[in-house]
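Q: Once you've looked at the hints, dock chain U against the given chain Y.
Chain by chain, the residues run as shown.
Number of protein chains: 2
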Amino acid sequence: MSRIVMKFGGTSVADIERIRNVARHVKRECDAGHEVAVVVSAMAGATNQLVAWTREAAAIHDAREYDTVVASGEQVTAGLLAIVLQQMGISARSWLGWQIPIRTDAAHGAARIADIAGHVLLDRLRQGQVAVIAGFQGIGPDNRITTLGRGGSDTSAVAVAAALKADRCDIYTDVDGVYTTDPRVVPRARRLDRIAFEEMLEMASLGAKVLQVRSVELAMVHGVRTFVRSSFDSPDAPQTGPGNLPPGTLICDEDEIVEKQIVTGIAFSKDEAKITLRRVADKPGVAASVFGPLSDANINVDVIVQNVSADGRHTDMTFTVPRADFERAMEVIRSAAAEIGYEEVSGSADVVKVSVIGIGMRSHAGVAAQMFKALAEKGINIQAITTSEIKISILIDAAYTELAVRTLHSLYGLDEG
Amino acid sequence: MSRIVMKFGGTSVADIERIRNVARHVKRECDAGHEVAVVVSAMAGATNQLVAWTREAAAIHDAREYDTVVASGEQVTAGLLAIVLQQMGISARSWLGWQIPIRTDAAHGAARIADIAGHVLLDRLRQGQVAVIAGFQGIGPDNRITTLGRGGSDTSAVAVAAALKADRCDIYTDVDGVYTTDPRVVPRARRLDRIAFEEMLEMASLGAKVLQVRSVELAMVHGVRTFVRSSFDSPDAPQTGPGNLPPGTLICDEDEIVEKQIVTGIAFSKDEAKITLRRVADKPGVAASVFGPLSDANINVDVIVQNVSADGRHTDMTFTVPRADFERAMEVIRSAAAEIGYEEVSGSADVVKVSVIGIGMRSHAGVAAQMFKALAEKGINIQAITTSEIKISILIDAAYTELAVRTLHSLYGLDEG
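Chains as they are written, first to last, in this note's numbering: chain Y, 3 to 419; chain U, 3 to 419.
Excised from the complex, chain Y in its bound form (with noise of 0.2 Å):
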């Protein structure tokens, strides 16, 4: 028997046809013996119908407010959820955040979960019973509705799954795993049996949307074994995978990866835009000057490369901003001018990021430099480069984007067949 916790999006669970669906699959669960805990989203369609009510009330609005509107999307698909299951013959009983509870910080629409009373669900679950929880929600130190931001569903499933400390996370979507690269741009993807934690969070961070960054930030902290699978699949289909599972991707701590890749999967980001500086002052302070005004405008600054100087006294400068901030960040910039002390600002939202991730790199050298070469053949110019431990991150122009990411997937060996 093992304890596991399953999530299901809002595709998913569209239609009172799509959450029968999504019962059955709940419903060979509990056959199989398990104890099962759901986390569910709201119906498509019905977050952004409730978003555009906040919106057309009032532009700027009270985020308690918003959060009391919004999370009754989840409120309705748990109920409805469990109403389905009874139907079924499976106990089952609904949960909002505020019953559980599951605990926020004060950050009304983009909360964070500070605790989760996993004694109350765990008695339910020991007598049989399937918890159906309302995703996405929690409640404030205040007292009233917090929720977790867009896509936060994925975050909950997670910290119910290290509440309960349960033997698995599975969460359902429109894909059937987590692929090497996106499938879109490379036909010859791969999907992964396994990835790293840690692999997945670079994977998410740089531009793989399978699942949301916070929700991998948190099984990597609790341990929680994250399997991602596709809803769409039969809920009556055997379970022939190993560990009879499906197909699907598991997100697992690296011991339990027995063959490691070097390079486990290409990520690239379209969204991305360029800063450079030229002949900025070489002192210190100065790039406390730089960022300090736009981090005061709430733009997060990400790849920062700094050349070393050439005259000693002066150098260039670039960084990343999102590509939606842009147009802000050249416009902080430049108010900021006389204090930074440079000659000359240009900026481009052409840019891509490609990062190449795998825990395999800690111990081999040279894929840095396989990279690079590969890249230089094809003609592609790299912009700016960073890395940590376990990815190499380029900066190139846009339009190369899909003939870097399949160089480099073939380059790596991650080629299907």
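Rather than coming from a laboratory, the hints here were simulated on the basis of the structure. Bear in mind the structure is a predicted one, so any value in this text is a computation, not a measurement. A couple of the hints might just be wrong.
Said to hold, decoys possible - Subject to a maximum C-alpha distance of 25 Å in a straight line, what follows is the list of computed DMTMM-like cross-link-like pairs (lysine to aspartate or glutamate): (1) Y/285 <-> Y/346; (2) U/29 <-> Y/346; (3) U/272 <-> U/399; (4) U/285 <-> U/318; (5) Y/29 <-> U/58; (6) U/262 <-> U/418.
A: Showing chain U alone in chain Y's frame:
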């Protein structure tokens, strides 16, 4: 300065534009220096959609889950109205049933309010904050959401007014008050400026649809002065009526009504069916043998008339049941034929109950005699009669409804002009 509870139904909050209109009504009362609590229903159509989903999920379903799903409608409206009020510069916050809390019994789907923590709301009202309360909902002894049954927001509003010791509970509805009878039947029907609690209770119980019977009961028990007014009034129109009230009807203690009429109104209900048993044994226990099985089948019996026995051994018995239960009631009676012992059962759904209501009847004899005479002159046959201290109800052939109501309306001097 007064303390006022304002209640708005589903049509009044059907979209953001109408919610803005509601907010303007609230603002007017705030600007006049009043402490204001607002009780809201779900946006028109929302509850029907939610109910339809629960039915699609399972025809027979857990009332606790039903409540969880359906109560979300009022949650959404409360949050949206709070946002709109804030945008108008009015301090406001939403309150859900479990947050105040509004404690109810455990009868999910048709719960009764047990207690409201009024001091929580009062603290805020005294600070000048408008309390926007989700109607129709509370929290049960099991810490789960309960709902009060359809139309329960009226009951929520009156209960909140009682808990806050409010000076008045204003019910904004799609009619501009309580009329002497249904104006669609009697174009010369008059709006009543005031009506006593007891009269309103009879009017509501006997067919007038302006207010939920339970809300009137509650208003009577707690002496909550309840004002029925139109939600279509311009929020900016001067409040020029008596006591600075606009056109509408004040439901109040009879002491507040100076000029008491003998008859205040005529109610009628087509939602009736009549069943007659011929030659029932006239002996102790026979009533129990008839009404026991009906009660077991959850069928409410209303008017009961038992003729004096002619031969001392047999009698005829007539009673009414809700029209929707007519077929089922006939079956129950037929299955119990052996225990009851009757010669013949007959029934008809073509009946209407017409009631004449007025607290003045207590001190005036002859009201019934006048009534029977006037109807006889029109050739209307009375099939059954029941009376109470302040009302006379008769059962007649449905075809005569309009004729009877108009005749009685004129007879008691209720016609306009």
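Q: All the hints need checking, so say for each whether the structure fits it.
A: We went through each hint and held it up to the structure:
1. This hinted pair checks out: residue 285 of chain Y and residue 346 of chain Y have alpha carbons roughly 17 Å apart, not beyond 25 Å.
2. Our distance criterion of 25 Å between C-alpha atoms is broken by residue 29 of chain U and residue 346 of chain Y, whose separation comes to about 54 Å.
3. Proximity of residue 272 of chain U to residue 399 of chain U is assessed by CA-CA distance (about 10 Å); at most 25 Å being required, the pair is judged to hold.
4. With a CA separation close to 12 Å, the supplied pair residue 285 of chain U and residue 318 of chain U stays within the 25 Å bound.
5. As the CA atoms of residue 29 of chain Y and residue 58 of chain U are separated by approximately 19 Å, the hinted pair is consistent with the 25 Å bound.
6. Proximity of residue 262 of chain U to residue 418 of chain U is assessed by CA-CA distance (about 17 Å); at most 25 Å being required, the pair is judged to hold.
In summary, the structure is inconsistent with hint 2 from the numbered list given earlier, while agreeing with all the others.
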